[in-house]
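Single-letter residue listing:
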Amino acid sequence: MANMNMIQALNSAMDIMLKKHPSVVIMGEDIGYFGGVFRATEGLQRKYGEHRVLDTPIAEGGIIATAIGMSVNGLRPVAEIQFADYIYPGFDQICSELARIRYRTAGDFCAPVTIRTPCGGGIRGGQTHSQSPEGIFTHVSGIKVVMPSNPYDAKGLLITAIEDDDPVVFFEPKRLYNGPFDGDPTKPAVPWNAHPKGQVDEGYYTVPLGKADIVRTGSEVTIITYGTMVFVAAAAAAAMNLDAEIIDLRSLVPLDVDTICTSVRKTGRCVVAHEATRFSGFGAELLSIVQEECFWDLEAPIQRVTGWDTPYPHAFEWEYFPGQARVSMALKTVMEPA
Amino acid sequence: MANMNMIQALNSAMDIMLKKHPSVVIMGEDIGYFGGVFRATEGLQRKYGEHRVLDTPIAEGGIIATAIGMSVNGLRPVAEIQFADYIYPGFDQICSELARIRYRTAGDFCAPVTIRTPCGGGIRGGQTHSQSPEGIFTHVSGIKVVMPSNPYDAKGLLITAIEDDDPVVFFEPKRLYNGPFDGDPTKPAVPWNAHPKGQVDEGYYTVPLGKADIVRTGSEVTIITYGTMVFVAAAAAAAMNLDAEIIDLRSLVPLDVDTICTSVRKTGRCVVAHEATRFSGFGAELLSIVQEECFWDLEAPIQRVTGWDTPYPHAFEWEYFPGQARVSMALKTVMEPA
Amino acid sequence: MRMKKHSHLHLPSAPARPGEAPDFSYVALSPAGAVARPDINARARDIGSLSVELVRVLDDAGEAVGPWHPHLDPAELQIGLRHMLLTRLYDERMQRNQRAGKISFYIRSLGEEAVSVAQCMALRPGDMLFPSYRNQGLHIARGIPLLDLMCQLLSNTRDMCKGRQLPVMYHSKAGNIFSISGNLATQFPQAVGWAMAAAIKGEDHLAASWIGEGSSAEADFHHALLFASVYQAPVILNVVNNQWAISTFQGYAGGEQRSFAARGPGYGIAGIRVDGNDFLAVYAVTQWAAERARTAAGPTLIELVTYRGAAHSTSDDPARYRAKDDHEHWPLGDPIQRLKQHLIKLGEWSEARHQALTTELEALVISSWKEASTFGTMTEGPKLNADLMFEDVFKEMPKNLRKQRELMRAETSRPGAPRAGGK
Amino acid sequence: MRMKKHSHLHLPSAPARPGEAPDFSYVALSPAGAVARPDINARARDIGSLSVELVRVLDDAGEAVGPWHPHLDPAELQIGLRHMLLTRLYDERMQRNQRAGKISFYIRSLGEEAVSVAQCMALRPGDMLFPSYRNQGLHIARGIPLLDLMCQLLSNTRDMCKGRQLPVMYHSKAGNIFSISGNLATQFPQAVGWAMAAAIKGEDHLAASWIGEGSSAEADFHHALLFASVYQAPVILNVVNNQWAISTFQGYAGGEQRSFAARGPGYGIAGIRVDGNDFLAVYAVTQWAAERARTAAGPTLIELVTYRGAAHSTSDDPARYRAKDDHEHWPLGDPIQRLKQHLIKLGEWSEARHQALTTELEALVISSWKEASTFGTMTEGPKLNADLMFEDVFKEMPKNLRKQRELMRAETSRPGAPRAGGK
Ligand SMILES: Cc1ncc(C[n+]2csc(CCOP(=O)(O)OP(=O)(O)O)c2C)c(N)n1
Ligand SMILES: Cc1ncc(C[n+]2csc(CCOP(=O)(O)OP(=O)(O)O)c2C)c(N)n1
Ligand SMILES: [Mg+2]
Ligand SMILES: [Mg+2]
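Chains as they are written, first to last, in the numbering used here: chain V, 1 to 338; chain F, 1 to 338; chain G, 1 to 423; chain C, 1 to 423.
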């Protein structure tokens, strides 16, 4: 076991995969010699060579397309998109190709590509370095979608994603790279070495896709969330002295419906929280599933806590970010007696 | 008044706009000399000249990008994307640019572009000529999203969209081009001239965005839908002898929440229906809003009727399509006493 | 808004619209044998002229001339002729089957048969092909049984795609032919990625891909050229310039100002323009490009100048947008006729043998169709199980799809439930 | 999977990594005055050599020579020098402000000032500019007050973007400068669309756009060239080849095999390569391209060969990936020094005047910053109303946003609610 921040944990996952599978290649903008703008691939090119850890042109569409071609030829590419905000030029290749190759060839071909990309706000990145587009990808049949909330899971999930024979889009909440974040930017930053999930096995291990983590068991309300909001939600519930059950989804597709429903059936109340904009965000799917599966158990309408339906504005980062105040408001509403 | 099918109604809208506003230009693949693969722009180039009705290269990203540039220079481009399945190469320009120009320039610049695109299945088009990606666009702040279900609305909504100073993605359910369709492919095709909404004013008129149409008033259950499913839902409810209130949204963004909620408060039961895949589809947002706004009025869990979470397969078109059987099943479930 | 009377936007125009006389004077031709054949190690920047000239081997008299003459064995030429003829006869019959309502859709390659057949024959079986929808000749030249292709067209119980793809969207794992996508051009940069992987692994297979000139407007074309150039990937990128993209003339893809092959040198890639209806020239150019790729001398962009003889697809009516008899005026003739004439000149073929071959291949097409039909048609015979709809979305079927499969079964088992076959 | 020992994938390499001696021998240079100046009506295909040569006017001695000498009035040159110097001083001070925590982010254009300033001066005020983030010189040359730019950097109450954009993402409606996007290259085809609209309307304004050589890898680059070529749009497309894209050398954008200007002729567009640090050459080439555009002679792709003197941005540390003193070895020198030397040679400038101008402009920067700060800083003074977050998503605020605005107000009015200023 070692202390690792999320960047180090991701780096360790890729290191282990490069060593274990000669078919793994890492590729992306600035990821080779430089080690990535967030330094997730630091040292890997030196260790595994320029042919396993490839700098690429600045063309997200080209990166994903060539990664698909490589995977069809037996490699397992792990492509970094420098910011999730810049994944859209590759959207057609993801949606129309990556997601469809197994299906349209009846399994004769497949494309085990992993796409890693930092997402989310809280770093004063303005509207083009803060987006959380995960919801869009969950609507595309054939793509798995993952978002870890801590170093331990990040490493285990990334290893699983790389070894998975289906394509995975792996979102990394960049505000969590260096430490957990409870949504209050005025507090001093907390590093991961103060957190149990910052204790990371240095060797190979996996965390399964499709298995949510119950971060905290509780009886009064279920909070379903992922990424940065795991910590914000926990802090808000704690501040209110609520006995909340907090579910960190970890993987959005496949989704651990059983864990969600078991919890809501127990608590009877539910809040869904994410950073992404509200309208047609992934929260809508979560809410829908809970409503469909647990309607008769609900003692109050499910509440959504989300970013607003605007771009992420530079100057109003904290008015935009769904912080503890927004979570508390939702918890208060959901706890109101009928 | 004249009998028009949906193609003719759309053609009439563009004809009128080209005449009324010298700033309107029509552009897209095969839309000029040829008049479009669905013939929506037939005759317009001959009438308004090659500089107002432009054939373009096969590059959806380039079409949308240049349309944006044109709109910034005072034109009002109406760009056709030949099939909604082919809109993804233009997704970055839509999402990162078109949707954001007014916001990021604080209104100094805007991009009144209308993107028309045929969507949906039912024409044996297989997985790349049948998609319904409207849900994805509803998650992108700054874009209006429209889908008409009949010639009358199609013309009025398209005129409104073209005159709107915000960008609009205008989805056209291609299965409805020639006539309403109740979901049963074994019945003989019905043309629009047998339907009151096939009676279309030949002159200028508008249908507002953000105003749903109550296609049928009813008391037992509310069916919220749009596009092709309007007719399928109506047929299923009629076959079950249910007094259903059927809401045709017409515009998904902005969304007519008032009409939806008024209806559900009245009926206490709700089914949401669309052709698109279920997971994270627009139905999830509709369900979520109803759950949030009308929870205490609900007598049963809201049901979703959707396409399956797979690509749209060529051979299993009717097993995939959410036909009357699927709607009936949902209606039966929602009508069950608690 | 005020507008000046005259716009100065340039608009490319088609060579002939309905009612006009076809005029192909815009097509830049080189005489057969006139273009030099550079060393395979030549640097892209030094052979720019190849991208504007037109490599031709067969002259008007059917004689093979000049430095690109590949000197193939007559037996090999006969095989090429056979593949091309089979492709054409297959196309004709499938077109008729579509018209008769037996398949939902079809796309012919009439007049372009040399592209797929000669190129495929110049490559090795281990080379990976990333085709477009108008490359059925690749499948035929790789020896994929017609039965396999026909079952795909029928979406029947023996369909390699299990009913999921529109007709003509074949693939062949064993034949090293990648899946065709309905989304144009996406395969082009994928081929480059495949080739990059081959290079990374130190294998000497190459990848080849085909797109139409119209599709070269898509971003994927640029990505393919760029990545191929940066990594000098062992790939052959082919633009089939058949002059039309549905109703739109090649000028709208940029062909008016410059050849498509000329894009290559712009990216530092060898670009070469070849008479696409000249079996020998296509073969020779492809062989040259393959040798370049295999010796790490770099990628090649080949523009194959040809003509789309038929409608775009069975959903299309070209009478609406182009002159009726245009194909007959195409200055580069017909690839099958030209190879046939050459073989006859060589004394290796005759009208009688041609007739016999035609009869033989027609019979093959008919018997294959008969056999294919036993695996199910649109209206009869065994049907694919609709359960298959839910498979292969992921390697393992997730819970929500298992549940949806149950729901689908419940729906379709109801009496009177609609079934495929409706329109 | 078995792998052969040696991959044959080609990988471009940088001229010098940390600790290595900078080696710029790869940069193809032409002597000043050596490149011919073709007629503005020349067809793209006939002037291909312009895309590999390097147009230079100022020689090493500071003399202006050759056919591209634009013969500008000394007064105009002095204005150019002033704009470039102001750009540099502005950059320096804003960089320091960022280091001091007064703004969240900044990007300098050190060493590339001639690109924006000379190009802007060669265009007309009605021409529309679509810049990248390293074109602050365009704003300065168009006379946008520093105050406007600084208020944008501060996201303060006078910010033209109302706090919505990251620092440096300026725009100017009155100045005809389009908004900068965080998404690379998107503006390139938009500029073509703007130019197409000008042509459609019969107006004689042109559009110009800038991207980095790294960004030219994006699909938008291809779309821009293609649409510009097809419609012969009145547009100038500029690739600023400053050799680096963050840590990645220009070879990874395809510059190793061929110049970026050479992409132009590939698409049938005039391509021209120019010494980007030579004010006179940049001016002359831009003027030539503008005349082409205005006379409907077609679009031009200009590659400006320059060097990124500073870090990519304030978030970057180039010591990690490139030789420390590389900028000093750049063979094309510094644009300000070179124009200054030329003016002194002409007898139209002196060290003393230069010093005086520097002092004047520094004072201007300082006073402008002071004034900008009165409209609010990151920590003090008036703050933008967070309500603004909900405006301009649409022209009219829809109901759901009005409701969210209410919720936001409720949240932020609570005691202890976090406010901007946290990190
Ligand atoms: C991304 C995308 N855009 C549009 C289409 C519709 N479409 C199908 S074929 C075609 C024309 C292609 O022409 P070309 O590339 O020249 O190939 P050809 O048909 O001539 O072989 C178009 C526009 C598509 N399939 N995919
Ligand atoms: C679509 C997209 N991908 C990636 C990035 C991240 N990024 C910002 S600047 C940059 C380098 C651009 O280099 P270049 O185009 O050469 O411009 P320069 O910085 O040298 O002026 C990168 C990769 C981005 N902003 N947008
Ligand atoms: Mg074509
Ligand atoms: Mg650069």
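Some hints here could point you the wrong way.
Stated by the list, open to error - Here are the simulated SDA-like pairs of lysine to any residue, each with C-alpha atoms no more than 25 Å apart in a straight line:
#1 211(F) with 396(C)
#2 211(F) with 179(F)
#3 395(G) with 208(V)
#4 399(G) with 296(V)
#5 332(F) with 220(F)
#6 399(C) with 109(F)
#7 173(G) with 364(G)
#8 187(F) with 65(G)
#9 20(F) with 203(C)
#10 324(G) with 311(G)
#11 383(C) with 220(F)
#12 102(G) with 379(G)
#13 403(G) with 165(V)
#14 395(C) with 109(F)
#15 399(C) with 261(F)
#16 403(C) with 336(F)
#17 399(C) with 379(C)
#18 345(C) with 17(C)
#19 324(C) with 17(C)
#20 403(G) with 336(F)
#21 102(C) with 396(C)
#22 324(C) with 375(C)
#23 345(G) with 65(G)
No lab work stands behind these hints: they were computed from the structure.
Now for the hints, and whether the structure bears them out:
Restraint check: the Cα-Cα separation between residue 211(F) and residue 396(C) comes to about 15 Å, which is no more than 25 Å; the hinted pair holds. Distance restraint check for residue 211(F) and residue 179(F): the Cα-Cα separation of roughly 23 Å lies within the 25 Å cut-off, and the hinted pair is therefore satisfied. Among the hinted pairs, residue 395(G) with residue 208(V) is consistent with the structure: their alpha-carbon atoms are about 15 Å apart, no more than 25 Å. With a C-alpha separation of about 22 Å, the suggested pairing of residue 399(G) with residue 296(V) holds against the 25 Å cut-off.
For the given pair, residue 332(F) sits about 12 Å from residue 220(F) by alpha-carbon distance, which is consistent with the 25 Å threshold. Among the hinted pairs, residue 399(C) with residue 109(F) is consistent with the structure: their alpha-carbon atoms are about 23 Å apart, no more than 25 Å. The hinted pair formed by residue 173(G) and residue 364(G) meets the criterion: a straight-line CA distance of about 23 Å does not exceed 25 Å. Pair hint residue 187(F) plus residue 65(G) does not hold up; C-alpha atoms about 62 Å apart against a cutoff of 25 Å.
Under the criterion of a C-alpha separation no larger than 25 Å, the hint pairing residue 20(F) with residue 203(C) is consistent with the structure, at around 21 Å. With a C-alpha separation of about 11 Å, the suggested pairing of residue 324(G) with residue 311(G) holds against the 25 Å cut-off. Among the hinted pairs, residue 383(C) with residue 220(F) is inconsistent with the structure: their alpha-carbon atoms are about 52 Å apart, more than 25 Å. A C-alpha spacing of about 8 Å is found between residue 102(G) and residue 379(G), which places the hinted pair at or below 25 Å, so the restraint holds.
The straight-line distance between the Cα atoms of residue 403(G) and residue 165(V) is roughly 22 Å, inside the 25 Å bound, and the hint therefore holds. For the hint pairing residue 395(C) with residue 109(F), the CA-to-CA distance comes to about 11 Å; that is within 25 Å, so the pair holds. Proposed proximity of residue 399(C) and residue 261(F) is supported: the alpha carbons are some 14 Å apart, at most 25 Å. For the suggested pair residue 403(C) and residue 336(F), the alpha carbons sit about 34 Å apart, so the restraint of at most 25 Å is broken.
Restraint check for residue 399(C) and residue 379(C): not satisfied, since their Cα atoms lie roughly 33 Å apart, outside the 25 Å limit. Of the pairs offered as hints, the one joining residue 345(C) and residue 17(C) is violated, with about 37 Å between alpha carbons and a cut-off of 25 Å exceeded. Of the pairs offered as hints, the one joining residue 324(C) and residue 17(C) holds, with about 9 Å between alpha carbons and a cut-off of 25 Å not exceeded. As the CA atoms of residue 403(G) and residue 336(F) are separated by approximately 21 Å, the hinted pair is consistent with the 25 Å bound.
For the given pair, residue 102(C) sits about 34 Å from residue 396(C) by alpha-carbon distance, which is inconsistent with the 25 Å threshold. With a C-alpha separation of about 38 Å, the suggested pairing of residue 324(C) with residue 375(C) is violated against the 25 Å cut-off. As the CA atoms of residue 345(G) and residue 65(G) are separated by approximately 13 Å, the hinted pair is consistent with the 25 Å bound.
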